[in-house]
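Engineer: In the order they appear, the protein sequences are chains P and U. Here the first sequence is numbered in numbering that gives the first Met the number 0, starting from 0 and rising by one per residue. Here the second sequence is numbered in numbering that gives the first Met the number 0, starting from 0 and rising by one per residue.
The hints are simulated quantities; they were obtained by calculation from the structure and are not laboratory data. For clarity, every value in this text was computed on a predicted model and none was experimentally measured. Don't take every hint at face value.
Claimed, not checked - With a straight-line cut-off of 20 angstroms between C-alpha atoms, the simulated SDA-like cross-links for lysine to any residue are:
(1) P:Lys438 x U:Gly99
(2) P:Lys52 x U:Pro193
(3) P:Lys348 x U:Ala223
(4) P:Lys52 x U:Gly116
(5) P:Lys52 x U:Leu117
(6) P:Lys438 x U:Ser118
(7) P:Lys52 x U:Asn194
(8) P:Lys348 x P:Pro329
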Amino acid sequence: MKTQLLLTCCLVLTDWTSSISAQIQGSDSIALQSHYRDLESPDPAVRGRAFEKLRSDRELLNSPETAERLLTLLLREREDAMRRVALGLDVEDGLREQVLGVAWELWADKLDARVFRIFATDFYNPGSEYARSLGAKAGRFADVLLELSESQDRSLRECAAALSGYALLEGRMGSVPLTDAQREKLRRVLDAASRDLDFGVRVAAVQSLSNERDEWAIAVLEQMYERESSLHAAGEPQRRAEELRSRIREAMAAIRTRAAMPSRDFEALEAVYRELGSSRLPAKAKALDALVKREDFLGFIDTPERLLRQLGVETKALRSQPILAQQGSPDEAASFYERLLMTTWQAWKQRLTSRSFRILAEAVYAPDSAFRRELGPHVGRFLVEVLRMTEPENPPPLRINGVWLLVSAMAEDGEGRAPLAAERRSRASSAVLRLTEDKDQSVRSSVFEALRRLGGAWAIPLLERIYDREPSLREEVESTREAIAKRSGQ
Amino acid sequence: MMLLSICRCRSPVQSITVGPALRVADNPVVNAGSWAAVSVQWANGVEIHGTVSVDPNAPDTMETVTVTSRGWGGQGWMPAPGANPTANATVQIRSAGAPGCRDSRKDALIAEYIAYGLSWVPTCGEVIPPIGSFHFSAQEINQDNDYRDYWTITKDAMLDGLEGIRADSGGLPMPVSSGYRNPASQMRINPSSPNSRHTRGDAVDIRETDPGRRELFKWTLGPAHGACVEPLSLTPTWVHFDWRPGNCPVGW
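So here's chain P without its partners, still in its complex pose (with noise of 0.2 angstroms):
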């Protein structure tokens, strides 16, 4: 039976494997050859070429090859860093973000302690995205992770840590179940975070820590509050070890507020989490459905960050793929991501951050619905989020949401409920004049129409700034004038 077994996987394996090989055939396994030896010329510019060529061809970054040839790529781009950084150089933004970014894609999902050794040692921010979903699957390479805890290099005993707390935090949640002896190490690993010796170790060790239920991470934070006087007392400065004692407090808050909550609600509530970051259509809008059901699961502490979260992925796949994204009927998938945007503004209409009313501004929603219209009051305070937004390195759908933002909040001020300081105001009349020349066409009609919607008398010698600036538009300018003229009643 298990030779029978075996053989099938080998023949369903070389199935797969000539498959693949069928389709790089001839003159394509030439290219992707040539593409593989350039990847190891000592010139990075031709090193940058054949990776974009291997990036911009699905079926040649799925020959089997490819990972394990990006994987050295990423390796002797990191040595090209260290040796830079050891020089005192700048490596910002180069073809080592860009070949950690495709090789992660590429090997997610077939992890071994190798390849996430190597994930793991990269150069990341330890609250990065990548962060997170590489520590979601580390529990698996708890082994890895109390080893890196160990070594010299303070940056991989921080990453240590924080990986750590994403593993924990997972192995919680369900999604990807840790043994107790994995959920053992990782605590390790966070304990030993919290004596560190270096400070950024043990913020990581706190950010960790904050997301934990259990008593084993008060006791955790209470000694480590204990230690941070008599580190302040061996040299470290005091500014520091404040700012480290109220994160710590904020910590066991946290942990207290989820301590406090019955078991069993607290695992429907995670269940419910869960369910809302699947793939599968009904079961996030039944958990949606959850959430806004029970105001306890609505106004939990973890609730805000989670829907926030989901609202950006959801935004994101919308905008790339809007058919793929769609896995139910097109009805049902709108009316999904329409609820799901107004219960993330419940959540943090009454909190805005700067970062939180980015992922808000630029989901997708018609420019003259009611969440634009709600949007609108806030918008002088996140100008600049706006003004991003309106940037022509942005695609047309979201520079014509930013353009109806930017419009919003000058007739929030010219009509006098949310007055702009002269500086932004000035900052907004000249991104509106700038976007009345923007390349695409539908985002400088979509001035127009924005004007035309929500101009009033203060509109006015904008649009005459327009026709100065451009006598081109006189028609545009002239039926926009009659337009406010017309609502305004004069």
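We have chain P; now place chain U onto it with these hints.
Structural biologist: Below, chain U alone, put in the same frame as chain P:
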């Protein structure tokens, strides 16, 4: 920078058909108003860049371009010894784009983006006189800008973000170690990253070695003020922030 001389060019050059002695890089030329940039690759692979002033009034004509290297050896960009230092190529000239920014320095700055083959080229409106904010002077933001006395690119998002971070970190000074870099300056500082956000006017490096503030910038203040923060293990004595549209690089 004027390494090339080009004869009888009358319009921004958009595509080039190469002659036997020259090989022209994949994407050698993009117009920039009254300036055109040319990037030529010699047979030995050495690439040289240059900008030339052209008249944008003769579209769809064929011209002969003569490229002459200045001499032999010593500067890295020369063709191989023994190769002919002067070569001709047939160039098809097509008119394209706007007629320049009516300021030769601004045109020259924009032409640098083309000459170095950057993936983004600013428009005339995006190149502005140097500006700063209350706590961050135009002078410090433009210390690595060769055009610092005349033109720069500075994004509002960066100035606002910096002020926000400074206010929330207790109002302590945040010395800028590098801000906007024109492409030539970027190539001197970090040639491996020609498309750095420093060339787009939304990036700044802050000199900072205090572990407490570095952690604060990374975990809290950078993200709270919408900044992408480069992994601190790559920036031992500074912190790189940028306010790019869209997503941050992987791991930031």
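Engineer: Now tell me, hint by hint, if it's right for this structure.
Structural biologist: Hint check:
1. This hinted pair checks out: Lys438 (chain P) and Gly99 (chain U) have alpha carbons roughly 17 angstroms apart, not beyond 20 angstroms.
2. Proposed proximity of Lys52 (chain P) and Pro193 (chain U) is supported: the alpha carbons are some 19 angstroms apart, at most 20 angstroms.
3. For the given pair, Lys348 (chain P) sits about 16 angstroms from Ala223 (chain U) by alpha-carbon distance, which is consistent with the 20 angstroms threshold.
4. In summary, the hint linking Lys52 (chain P) to Gly116 (chain U) is supported, as the alpha carbons are separated by about 18 angstroms, within the 20 angstroms threshold.
5. With a CA separation close to 18 angstroms, the supplied pair Lys52 (chain P) and Leu117 (chain U) stays within the 20 angstroms bound.
6. For the hint pairing Lys438 (chain P) with Ser118 (chain U), the CA-to-CA distance comes to about 17 angstroms; that is within 20 angstroms, so the pair holds.
7. Distance hint between Lys52 (chain P) and Asn194 (chain U) is fulfilled; the C-alpha atoms sit about 18 angstroms from each other, no more than 20 angstroms.
8. Note on Lys348 (chain P) and Pro329 (chain P): the hinted pairing is violated, with a Cα-Cα distance of about 28 angstroms set against a maximum of 20 angstroms.
Hint compliance for this structure: hint 8 is the single one not met.
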